[in-house]
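Protein chains in written order, with this note's numbering: chain A, 1 to 355; chain B, 1 to 355.
Hints may be right or wrong, so weigh each one.
If we take Cβ atoms under 7 Å as the criterion, some of the chain A residues that face chain B in the derived model are [claimed, not checked]: (1) Glu169; (2) Pro301; (3) Leu303.
What follows is a set of in silico ranges between Cβ atoms, one per label pair, in the way DEER data are often shown [claimed, not checked]: (4) Leu303/A <-> Pro41/B: 47 to 53 Å; (5) Glu191/A <-> Gly92/B: 27 to 33 Å; (6) Gly100/B <-> Arg47/A: 27 to 33 Å; (7) Arg44/A <-> Gly283/B: 33 to 39 Å; (8) Gly263/B <-> Gly74/A: 44 to 50 Å; (9) Arg309/B <-> Ala111/A: 30 to 36 Å; (10) Arg44/A <-> Arg184/B: 31 to 37 Å; (11) Arg47/A <-> Gly283/B: 49 to 55 Å.
To spell it out: a stretch of chain A is covered by chain B in this simulated footprint if at least three of its residues, at any positions, have a beta carbon under 8 Å from a beta carbon of chain B; those stretches are [claimed, not checked]: (12) 21-35; (13) 45-53; (14) 247-260; (15) 269-283.
These aren't lab readings, by the way, just hints derived from the structure by calculation.
Cβ coordinates follow ideal geometry from the N, Cα and C atoms, glycine included.
Number of protein chains: 2
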Amino acid sequence: MDLGSELTMAIENRAFLQVCRGEKPERTPVWIMRQAGRYLPEYREVRKRVSFEQLCRTPELCAQVTVQPIDRLGVDAAILFSDILVVFDALGVDVRFEPGPQVEHPVRSHADVARLRDGDPDVELVYVMDAVRACKRALADRVPLIGFCGAPFTILSYLVEGGSSRDFEHTKRLMYAEPVLFGRLLERITELLCKYLAGQVRAGVDAVQIFDSWAGALSPFDYRMHVLPHVRRLVSHVRSFGVPVILFARGNASLLELVAGVGADVIGVDWSIELAHAIVSVGDDKIVQGNLDPAILLGPPELIETRARALVRAGKCARGHVFNLGHGILPATDPAHARHLVEVVHDEGTYERDR
Amino acid sequence: MDLGSELTMAIENRAFLQVCRGEKPERTPVWIMRQAGRYLPEYREVRKRVSFEQLCRTPELCAQVTVQPIDRLGVDAAILFSDILVVFDALGVDVRFEPGPQVEHPVRSHADVARLRDGDPDVELVYVMDAVRACKRALADRVPLIGFCGAPFTILSYLVEGGSSRDFEHTKRLMYAEPVLFGRLLERITELLCKYLAGQVRAGVDAVQIFDSWAGALSPFDYRMHVLPHVRRLVSHVRSFGVPVILFARGNASLLELVAGVGADVIGVDWSIELAHAIVSVGDDKIVQGNLDPAILLGPPELIETRARALVRAGKCARGHVFNLGHGILPATDPAHARHLVEVVHDEGTYERDR
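Put together the whole structure using the sequences plus the hints.
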């Protein structure tokens, strides 16, 4: 079933999808993690009227904020406005944002796992599917739409810790002391994420990014032993629908080689490693995405330009390069700096034949 | 001036210092980061009577808690009980622990930097020097004593952020937007740390560890450009006194090669990378320290044993290996598990000629 390629033929700006599929684009495509977010005054306007939770659950508003950075920055892809933790709705787990996520009853025992619901994401998360459809209408085929989810381990760590964590003590205790329960929980989450991303693809996303935001909590040994098989299953399930998959495991550059072996179309790279080294590490037959330190956008325009041009050139050593930050854009960023970045990338990233 | 080697001749358990100096010890030495700390009931007893700040400023109590893990665990080295932020006393900066450090007036402008005092650590931090002397008396030459400080960037980041941070936004803004001021501040901090560690050596420490706890906030490019020269200066200053220097830059395995080039005697390795890979990365002519994930001590004894034995064997591929955790021991750790770890390391790490 190759839903993806048929649905995306009509899209005007195809640079992002071309790179994802291993084709040479006219120019290096660029999008920015958290490009729909607090650094944009038009986003903050919307947030004056609704909470973060309400926004995630209101498809027309999701579409509105998803499109904002397309107009403002000129990026080559949109990413659905949502949150990785909305899947808790299908598990029957309450989470509040204060502003960091807080889970009322963390999941740490056999009984806790047994209590999780097996909700159907097409029903429980229909507001996400509606948001995808609303985004596609609002984008009107100008740029592709990226759907997303959290990776199994990242979702598990929020369930088990009950919020953000520094040492992931509860998660690791479960992994080391109760590896079977840990594996069973990861399996249930993976099952849900497979259905959830299938739903997003049916609703119309053109590509998918899997955020393993807390992968860096694990050593390569533990990531390979406890986590990787589940990621591999999720990636191959989504790829079977014909849409490209970006896998972004953040926080530990020593995981890159493992991540590159999972079979995702694009390997996300965080800012902690030089892109040239990352390309050597994953192999120059791979397609990479990244990896400017978001804090560079807090610096002067000349610095942004120098660093961005160097990064575009480094990316040309890979089979393909989607330019992005190496982590989400910081709320304190001047939107003019973000726009400047996009312009510089497009200028430096135009391939020779077009000059 | 080689104070170190003369002063340490009398020490009974020389395995740690032998490895630091590139000699073959009878067995792999082991100590544990934060081995004097909250996981020990005898430490919590002391803390019932005094605050963390008071404890750091009471030499006899510092000595008492410094020695506690030597008796309890059988580790091969003691590390001075103190905090990297006590140096703020010499800069005239107020910091409270609630329990994370909070700086009243973060240092972010030229005026802020100009206001910093140039205190003499032998005067302003005489309580640390007294604590070193008290520790040496209390240890009675059973094991060597490790002194320590925070690395220049880590100290700077606390000054600039005013506490712990996730994105190091203020620090990076300063580095990118005001690189000259950033460099000047790092220089002043480095100057202070040179004097501070010289004082610790004169007071009697047998080795020194420099904790670059937040090095992982930086990409290799920025670490090399903005931070490394200051670390190099500090390391070579302390080495000129004849005591071994351990440099532990935490949080980004891609910095290891850079860190290894600074000239420290021992390269600390955090848990985020396989030790075997770290040894390849820094070169097998180097001496390494690390790197068991502290969370493994939350698991069952059999897991601790398996992982520890594998790590001792991996460490034998380096020129020398000081066994340690790859980050501080977690407060929830059972002290019996820590003792078990030490015993397993000593058992596996005994060199063949002695069997």
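The hints, checked one at a time:
1. Below 7 Å, beta-carbon pairs count as interface contacts, and Glu169/A has one with chain B at about 6 Å; its hint therefore holds.
2. For the restraint placing Pro301/A at the interface with chain B, the shortest Cβ-Cβ distance is roughly 11 Å, beyond the 7 Å limit, so the hint is violated.
3. Look at Leu303/A: its Cβ gets to within about 6 Å of chain B, closer than 7 Å, so that hint holds up.
4. Here the CB-CB span from Leu303/A to Pro41/B is close to 52 Å, well matched to the stated 47 to 53 Å.
5. Against the hinted window of 27 to 33 Å, the Cβ-Cβ separation of Glu191/A and Gly92/B comes to about 58 Å, which falls outside the hint.
6. The hint said 27 to 33 Å for the Cβ distance between Gly100/B and Arg47/A, and at roughly 28 Å that hint holds.
7. Here the CB-CB span from Arg44/A to Gly283/B is close to 50 Å, at odds with the stated 33 to 39 Å.
8. The beta-carbon spacing between Gly263/B and Gly74/A, approximately 47 Å, falls within the hinted interval of 44 to 50 Å.
9. Taking 30 to 36 Å as the suggested C-beta distance range, the pair Arg309/B and Ala111/A conforms, at roughly 35 Å.
10. The hinted window of 31 to 37 Å between Arg44/A and Arg184/B holds, with their beta carbons roughly 36 Å apart.
11. Taking 49 to 55 Å as the suggested C-beta distance range, the pair Arg47/A and Gly283/B conforms, at roughly 51 Å.
12. For the stretch 21-35 of chain A, the assignment as covered by chain B is violated, since 0 residues bring a beta-carbon within under 8 Å of that chain's beta-carbons and 3 are needed.
13. Only when three residues or more bring their CB closer than 8 Å to a CB of chain B does the claim for the stretch 45-53 of chain A stand; here the count is 0, and the claim is violated.
14. With 3 residues bearing a CB less than 8 Å from a CB of chain B, the stretch 247-260 of chain A meets the requirement of three and the coverage assertion stands.
15. Counting residues of the stretch 269-283 of chain A whose beta-carbon sits less than 8 Å from any beta-carbon of chain B gives 5, enough to reach three: the coverage restraint holds.
Going through the hint list in order, the structure does not satisfy hints 2, 5, 7, 12 and 13.
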